[in-house]
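**Q** Based on the provided sequences and hints, a complete structural model is requested.
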Amino acid sequence: MPPVLNRRDLSFQLFEVLPTAELTARPRFAEHSREVYEDVLKVAYSVAERYFANHAREADLHEPHVVDGKVVLPAAMREAVRAFRDAGFFSAHHDEDLGGLQLPWVVMQAVQAHFQAANVATSGYPFLTIGNANLQRVFASPEQQRRYMLPLLEGRWFGTMALSEPHAGSGLADITTTATPRGDGTYAITGTKMWISGGEHELSENIVHLVLARIAGGPAGVKGISLFLVPRYRVNEDGTPGESNHVVLAGLNHKMGYRGTTNTLLNFGEGGETIGELVGEPGRGLAQMFHMMNEARIGVGMGAVMLGTAGYMESLAYARERRQGRHASQKDPAAPPVPIIEHADVRRLLLRQKVFVEGGLALGLYASLLVDDTQTGPEEGRADAGLLLDLLTPIVKSWPSKYSQEALSDAIQVMGGAGYTRDFNVEMYYRDNRLNPIHEGTEGIQGNDLLGRKLTQAGGRGLSILLGRMQADLQASEGLDGLDEIRAALRQATTWNTQALGTLLPRAAELGPDLFLANANSALEMLGHTVVGWMWLRQATAAARALPTARADADFYHGKLHAARFFATHELPKVRAHADLLASADRTTTDMQAGWF
Numbered sequence: 001m002p003p004v005l006n007r008r009d010l011s012f013q014l015f016e017v018l019p020t021a022e023l024t025a026r027p028r029f030a031e032h033s034r035e036v037y038e039d040v041l042k043v044a045y046s047v048a049e050r051y052f053a054n055h056a057r058e059a060d061l062h063e064p065h066v067v068d069g070k071v072v073l074p075a076a077m078r079e080a081v082r083a084f085r086d087a088g089f090f091s092a093h094h095d096e097d098l099g100g101l102q103l104p105w106v107v108m109q110a111v112q113a114h115f116q117a118a119n120v121a122t123s124g125y126p127f128l129t130i131g132n133a134n135l136q137r138v139f140a141s142p143e144q145q146r147r148y149m150l151p152l153l154e155g156r157w158f159g160t161m162a163l164s165e166p167h168a169g170s171g172l173a174d175i176t177t178t179a180t181p182r183g184d185g186t187y188a189i190t191g192t193k194m195w196i197s198g199g200e201h202e203l204s205e206n207i208v209h210l211v212l213a214r215i216a217g218g219p220a221g222v223k224g225i226s227l228f229l230v231p232r233y234r235v236n237e238d239g240t241p242g243e244s245n246h247v248v249l250a251g252l253n254h255k256m257g258y259r260g261t262t263n264t265l266l267n268f269g270e271g272g273e274t275i276g277e278l279v280g281e282p283g284r285g286l287a288q289m290f291h292m293m294n295e296a297r298i299g300v301g302m303g304a305v306m307l308g309t310a311g312y313m314e315s316l317a318y319a320r321e322r323r324q325g326r327h328a329s330q331k332d333p334a335a336p337p338v339p340i341i342e343h344a345d346v347r348r349l350l351l352r353q354k355v356f357v358e359g360g361l362a363l364g365l366y367a368s369l370l371v372d373d374t375q376t377g378p379e380e381g382r383a384d385a386g387l388l389l390d391l392l393t394p395i396v397k398s399w400p401s402k403y404s405q406e407a408l409s410d411a412i413q414v415m416g417g418a419g420y421t422r423d424f425n426v427e428m429y430y431r432d433n434r435l436n437p438i439h440e441g442t443e444g445i446q447g448n449d450l451l452g453r454k455l456t457q458a459g460g461r462g463l464s465i466l467l468g469r470m471q472a473d474l475q476a477s478e479g480l481d482g483l484d485e486i487r488a489a490l491r492q493a494t495t496w497n498t499q500a501l502g503t504l505l506p507r508a509a510e511l512g513p514d515l516f517l518a519n520a521n522s523a524l525e526m527l528g529h530t531v532v533g534w535m536w537l538r539q540a541t542a543a544a545r546a547l548p549t550a551r552a553d554a555d556f557y558h559g560k561l562h563a564a565r566f567f568a569t570h571e572l573p574k575v576r577a578h579a580d581l582l583a584s585a586d587r588t589t590t591d592m593q594a595g596w597f
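Numbering-wise, the sequence shown is residues 1 to 597 according to the UniProt record's numbering.
These are calculated hints, taken from the structure and not from any lab test.
Heads up, some of the hints might be wrong.
Unchecked claim - Using 25 Å as the maximum straight-line C-alpha spacing, the simulated SDA-like pairs for lysine to any residue come out as follows:
{"id": "1", "residue 1": "K223", "residue 2": "S170"}
{"id": "2", "residue 1": "K574", "residue 2": "R348"}
{"id": "3", "residue 1": "K255", "residue 2": "R431"}
{"id": "4", "residue 1": "K402", "residue 2": "T498"}
As the list claims (entries may be wrong) - Computed beta-carbon distance windows for the label pairs:
{"id": "5", "residue 1": "R137", "residue 2": "E379", "range": "19 to 25 Å"}
{"id": "6", "residue 1": "D580", "residue 2": "R57", "range": "43 to 49 Å"}
{"id": "7", "residue 1": "G460", "residue 2": "A328", "range": "29 to 35 Å"}
{"id": "8", "residue 1": "A328", "residue 2": "T456", "range": "51 to 57 Å"}
{"id": "9", "residue 1": "E35", "residue 2": "E237", "range": "50 to 56 Å"}
{"id": "10", "residue 1": "A328", "residue 2": "H167", "range": "55 to 61 Å"}
{"id": "11", "residue 1": "P336", "residue 2": "R34", "range": "42 to 48 Å"}
We put the CB at the ideal spot given by N, CA and C, even for glycine.
**A** This is the structure we're talking about:
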């Protein structure tokens, strides 16, 4: 089968577009080098290819099921997570004294991209565990970190986040799970959680749930939500798993994709007392959980990119080999059929895939580098990096989730009937990725977050930073061959953005929140396409600089420049329609009555 990851493109993004190698100038990464990062990525590729890709289809066909009260998963899945653990990836970005390698987060995301491309379902278990441990590192007490975080970093225990409830999916203000003080500093947790990925399995010795609950007697709404550490098994004094903590599997949800990742309905306090420990201060649970959710949103976007990439690579290989039809100018029926990549419409479909997945990868890695900048960058720039990261996070989650789905639809189209059969993996990738526009907050939630909060946060400072960085890159691209179309199209798109937002934002109070947010999806689309256009300008700039001395890689760089032109001419003009709709404060959706449907 064709590779599911373009290693050349990943290297280009990390070391030619982004200054990843220059991170070694920061004290935390001083002992690293580009060669170290490349060696780590080679290990990731080897483990992903050998232990993750080998059972992706098996996990899809034989989804989790319960036998004698235990969840059964493919045996290869246990081998895969063991190989991930043995490679040290659970703790690779943490301090050396915690067993880590102190890898930059941008490199860690590139590592995880290999596993998401090879097998997105199995990669979900480490993904959640790493996020759980990262939250504990910030908010849990030293004793809690010793008891719960260290086993996660060692890969012996796995982690989840338990937010949603059957009656309140994304409406966290309405959760009813209750935490009652037990008199010894711990709490009895009672309630039900729904859609909990990785909530029950036998892949690890224990499972540590991060649970949102209300302390009995606390205030209603989000101010009454606290965060608790709740293990599947209680922890003995020596740190080993002990007796059941009465976190009971009430059912498995059967999904169209990501089938190998268990998705569970969990009852807390069934058949006995479920004991949890409060993390940090009461009433701060939602703010704490956003640390993991925002990290997960970037991870979801990256997972979508890698599914789209896997489909692109498979359809590209198919298009090179499959012979069918002739050029329109070829009138001789006896002439041999040509590879379908020779047909203009197939090339259009392949170009759409290329610009969506490589643009999405550039965006995800850029956001990951911003995470590093907020933590290890120059002190004077950390606040701005944080504001820009906050602004981009809804886009990083939503844009690749949506446009990788379009890319996968195009991959199926390229392959024709072969694309929708199980003889190839593209139909599986399509089903897998359809979950990503919902994972970690729907597009509607992300649009409201972007327009209702992030664009006006800190007086609009995040948007000013974004436009300033775009302008700097536009100026840096001047004088380079082959960039005129992408540069002109991006300049025009930024103008449409500023005009639309300049018209709408001052009217927020006049319009009221319902009408102001009615077209938030257009803000997400408008700014999302513009930001990805910026990512393509940055890639095109790096390619234009490298091309004059390129030899073996000349085709690669020509491909980048041509893809940038395609995005400029086929995609960036769509920004205007969203900008116009947003600026108009159109009432069509709000005026539609429920009874008219």
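**Q** Each hint: holds or not?
**A** Each hint, compared with the structure:
no., hint, verdict
1, K223 <-> S170, "holds, 16 Å"
2, K574 <-> R348, "holds, 17 Å"
3, K255 <-> R431, "holds, 9 Å"
4, K402 <-> T498, "holds, 24 Å"
5, R137 <-> E379: 19 to 25 Å, "holds, 21 Å"
6, D580 <-> R57: 43 to 49 Å, "holds, 45 Å"
7, G460 <-> A328: 29 to 35 Å, "violated, 51 Å"
8, A328 <-> T456: 51 to 57 Å, "holds, 52 Å"
9, E35 <-> E237: 50 to 56 Å, "violated, 44 Å"
10, A328 <-> H167: 55 to 61 Å, "holds, 58 Å"
11, P336 <-> R34: 42 to 48 Å, "holds, 46 Å"
Hints 7, 9, counting from the list given before, are not met by this structure.
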